[in-house]
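Go ahead and model the full structure; you've got the sequences and the hints to work with.
Number of protein chains: 2
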Amino acid sequence: MSRTADLPAQHERLSRAVWEVLAGQGIERLTLRSVAAAAGCTTGLVMHRFPNRKALLRHARQLLHERTRERVERLEATAANPRAALHAVLAQGMALDEETATESIVWVGFLAATVGDAELAALHRTNNEAWRDRISRLVAAAAPAWPKPRVTTTAFALIAMVEGAAALASADPATYPPKAQQAMLDATLTAFGL
Amino acid sequence: MSRTADLPAQHERLSRAVWEVLAGQGIERLTLRSVAAAAGCTTGLVMHRFPNRKALLRHARQLLHERTRERVERLEATAANPRAALHAVLAQGMALDEETATESIVWVGFLAATVGDAELAALHRTNNEAWRDRISRLVAAAAPAWPKPRVTTTAFALIAMVEGAAALASADPATYPPKAQQAMLDATLTAFGL
DNA sequence: CTGTTACGGTAACAGATGTTATGAGTACGG
DNA sequence: CCGTACTCATAACATCTGTTACCGTAACAG
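Chains as they are written, first to last, in the numbering used here: chain U, 2 to 195; chain X, 2 to 195.
Don't take each hint at face value.
Claimed, not checked - Ranges between beta-carbon positions, derived for each pair:
{"hint": "1", "chain 1": "X", "residue 1": "T32", "chain 2": "U", "residue 2": "R84", "range": "46 to 52 Å"}
{"hint": "2", "chain 1": "U", "residue 1": "R75", "chain 2": "X", "residue 2": "K149", "range": "36 to 42 Å"}
{"hint": "3", "chain 1": "X", "residue 1": "A175", "chain 2": "U", "residue 2": "Q26", "range": "28 to 34 Å"}
Said to hold, decoys possible - Take a look, some chain U residues computed to stay more than 12 Å from chain X by CB distance:
{"hint": "4", "residue": "Q63"}
{"hint": "5", "residue": "T69"}
{"hint": "6", "residue": "E130"}
For the record, the hints were derived by calculation from the structure and aren't laboratory data. Virtual Cβ for every residue (Gly too), placed ideally from N, Cα, C.
What follows is the structure, given as structure tokens:
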């Protein structure tokens with residue numbers, strides 16, 4: 002049956018190569034050959050693992066989501082209280098270190114690729130829904146007395162602020178250094194009474 | 002000397018074609034030929050007006066900025082008071098109608114194209130700086146008692162929230178309809194006491 | 001009217017792109 | 001130890017890309 006190759010590991014390696022190219026050279030240079038070069042293989046392997054280019058992009062998109070989900074669940078599990086959990090989970094969505102900075106660039110790239118690609122758009126909607134549910138749940142836990150509409154609107158605003166900060170930081174890191182992003186998050190949470 | 006052709010008008014027509022393709026087909030299909038088709042001409046005219054593709058994109062980017070600047074100055078001039086001006090100026094940055102929804106998609110596209118294109122990145126930084134200055138000024142006018150750091154951080158957070166909301170709405174308009182975006186903006190301004 | 005000049009369409013070019021076909025190498029089952 | 005099935009590189013392919021060269025057309029100057 003199967004041989005030596007570890008399929009999931011190769012899928013992940015190629016997906017990482019997609020992120021690498023997306024973050025380093027931009028979406029315009031996100032080609033099969035550049036991805037293969039970043040992964041240290043040829044287009045033969047890429048096409049052997051994925052039926053076509055779009056399937057590769059979809060997998061890279063989904064893997065990015067799962068990565069952040071795992072990180073977020075770890076943060077949530079180790080948080081001292083609901084407010085700390087909310088703060089930590091939101092903070093990891095910004096571009097505060099090299100890893101999340103790269104992810105922010107990649108996220109913008111995928112968002113742009115979403116236009117005119119129904120499957121990437123569906124993937125984005127699903128992931129974003131899970132993200133909204135998580136933040137809403139954390140806001141509700143941090144402010145149990147709030148009525149549901151207030152929780153929802155606050156969660157939406159927090160999400161938008163974090164994504165916006167990450168997007169702006171990805172395009173202009175000098176203007177939005179980690180400290181500035183932290184200050185933005187702290188100020189917003191304080192303003193909302195969270 | 003010159004003939005019948007109105008150079009600035011043609012530049013604008015081609016730039017609009019760039020937006021049209023960017024918003025309708027995505028950055029992957031943003032090619033000279035698709036732009037020419039959207040503008041109802043051939044690549045000959047495009048290359049006759051712009052030295053190369055990147056110059057065309059830069060012009061379209063800059064024109065988008067000038068468009069929003071003019072709209073924003075109109076809103077600011079007709080606002081009843083500083084708070085109303087801040088609200089109106091921020092609101093036009095979200096995807097509340099067809100025009101601004103298109104612009105949001107285009108904005109994300111250019112942001113993604115910024116990676117690996119130093120000139121587009123420089124353009125983005127300049128435009129975003131002007132945007133930050135404007136919002137900071139409006140926040141200071143709306144809350145004259147605030148110390149400068151508070152004004153700056155609040156302006157940064159408001160900007161991030163608005164851009165994030167626009168980006169999210171551009172990729173998932175059903176989840177972020179105009180009313181939801183309005184609610185997010187109102188809740189955020191109220192939370193900040195503005 | 002006529003010569004000239006800008007305009008812009010047509011078509012060609014080299015290179016890049018996604019995809020497919022082919023085949024050499026290799027690890028496993030028998 | 002052999003054959004088979006999987007792995008993946010090589011190379012070809014048709015198409016698309018940005019760019020350039022070329023040329024017919026039309027409007028203005030004289």
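For this session: List, from low to high, the hint numbers that the structure doesn't satisfy.
Result: 6
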